[in-house]
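Asker: The primary structure of each chain is shown beneath.
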Amino acid sequence: SQKIEQNSEALNIQEGKTATLTCNYTNYSPAYLQWYRQDPGRGPVFLLLIRENEKEKRKERLKVTFDTTLKQSLFHITASQPADSATYLCALDIRMDSSYKLIFGSGTRLLVRP
Amino acid sequence: DTEVTQTPKHLVMGMTNKKSLKCEQHMGHRAMYWYKQKAKKPPELMFVYSYEKLSINESVPSRFSPECPNSSLLNLHLHALQPEDSALYLCASSQLNTGELFFGEGSRLTVL
Numbered sequence: 001s002q003k004i005e006q007n008s009e010a011l012n013i014q015e016g017k018t019a020t021l022t023c024n025y026t027n028y029s030p031a032y033l034q035w036y037r038q039d040p041g042r043g044p045v046f047l048l049l050i051r052e053n054e055k056e057k058r059k060e061r062l063k064v065t066f067d068t069t070l071k072q073s074l075f076h077i078t079a080s081q082p083a084d085s086a087t088y089l090c091a092l093d094i095r096m097d098s099s100y101k102l103i104f105g106s107g108t109r110l111l112v113r114p
Numbered sequence: 115d116t117e118v119t120q121t122p123k124h125l126v127m128g129m130t131n132k133k134s135l136k137c138e139q140h141m142g143h144r145a146m147y148w149y150k151q152k153a154k155k156p157p158e159l160m161f162v163y164s165y166e167k168l169s170i171n172e173s174v175p176s177r178f179s180p181e182c183p184n185s186s187l188l189n190l191h192l193h194a195l196q197p198e199d200s201a202l203y204l205c206a207s208s209q210l211n212t213g214e215l216f217f218g219e220g221s222r223l224t225v226l
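Same order as they appear, the protein sequences are chains W and C.
Counting in this note's numbering, the first sequence runs from 1 upward without gaps.
Counting in this note's numbering, the second sequence runs from 115 upward without gaps.
To be clear, the hints were calculated from the coordinates, so they are not data collected in a lab.
Note that this is a predicted model, so its numbers are computed, not measured.
C-beta atoms are modelled at their ideal positions from N, C-alpha and C, and glycine is treated no differently.
All the pointers check out, no bait thrown in.
Looking from chain W toward chain C, a few residues come up when the C-beta cut is under 7 Å (computed): (1) Y32; (2) P44; (3) F104; (4) S106; (5) G107.
Looking at chain C on its own, in the form it has when it is part of the complex (with noise of 0.2 Å):
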C-alpha cells in the first residue's frame, strides 16, 4: 500500500468554485510533488517543494496555487477551473538525494 495519501479520491466541481486537494506522507521526505496526468498520457510535473519552499513552477496557471503547510503536509487550491483541467493529480514525496518517488493513488478531478 501507498504511504502517501490523498483526499479526495474523486472531485467534481464547477467553474465558479474554489477546492482544494491534499496530500500527506509521514516518511520524513522533505521533498513533495504535485503532477497531473490526462488519460493515457504520461504524468506532467506542476510544482516542487523542497524544504517547505516552493523551489519549481512548471509555468502552472495561477488558477492552481501550491500550499505546503508543513513538511508533511502538501495541498493544491484549486479556482475558476477550466473543464480540460479535468484529469487524476497526483502527489509524490521523496528524500531530496536518493531520487525514488513515493506517490499517492491520486485525486480525480471533474471539472464542469
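Chain W on its own, in the form it takes in the complex (with noise of 0.2 Å):
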C-alpha cells in the first residue's frame, strides 16, 4: 500500500541547533516533493518544492534533499529559532492527467526551545 511517513511525532531541539526533519514514502513515484508549515489552528503554507531530478534546494535556513532511490526527503532548518516552532509536513505530487493531487506525510511537531 502507498505510504508516507515522517520519521516523527514530535522533535525538540535547543536555539541555534540543526534540526532535521525525515520523509520517508513507498509505492509512490513522484515528480516533485513539497514541504509545508503549518501552526495550530491556519492553513498549511508552502515552504519549497524539490523536483525527482534535483538532489538538493535551499532556501534561506532551509534544505531540502530528495533522494528518489532511497525514497527519502530530509528537511533542515539551520540555527534554529523559538519562532520555528510548528508542525512541517512532507506533500508528494503526483501527477495525472489534467491536474495533479497533493498526498500528506503525518507531519512532525517541531518546538525549538529558547
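Two chains, each in its own frame: build the complex with the hints.
Answerer: As C-alpha cells, then:
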C-alpha cells in the first residue's frame, strides 16, 4: 500500500541547533516533493518544492534533499529559532492527466526551546 | 496574509441541516482543492477542480457536494452530515503546473 511517513511525531531541539526532519514514502513515484509549515488552527504554508531530478534545494535557513532511490527527503532548518516551532508536513505531488494532487505525510511537530 | 479566503471561519450544524462552505481566490489560479483535516492529522484530499471541472474525487461521501461556479469561487455544500465529519475544512488553489498550493485559513465545522 502507499504510505508517506515522517520520522517522528515530535522533535524537540535547542535554539541555534539544526533541526532535521525526515520524510519516507513507499509505492509512489512522485515528480515533485514539497514541504509545508502549519501553525495551530491555520492553513499550511508552502516552504519548498524539489523536483525528482534535483538532489538539493536551499532557501535562506532551509535545505531540502530528495533521494528517489531511497524514497526519502530530508528537511533541515539551520540556526533554529523558537519562531520555527510549528508542524512541518511533507507532501508528494502526484501528477495525473489534466491535474495533480498533493498527498501529505503525517507531519512532525517541531519545538525549538530558547 | 493568505490570498485564499474561506467563509465562514466557524460553523456549527445539526445532522439534518444544509449549509455551505465558501472559498474565493483572485490569483488567477485554475486549480482549486478541498481538504479535510482532523485534529493532529495531516490534511486529507477530498476534491480537485481544474478549469472549473471536477477532476479528482477521492471517494468522498455524497453528503459532501462540491461546486465551482467560476474560476475564482469554490463551494462545498453540506447535507445530512455526521458528528465524525467535524473537522477543519481547508480550501487551496494553485497554478496547474507549478505545484505550490496556497491554502486558506480553513472553516472549522462542528456537527452536533
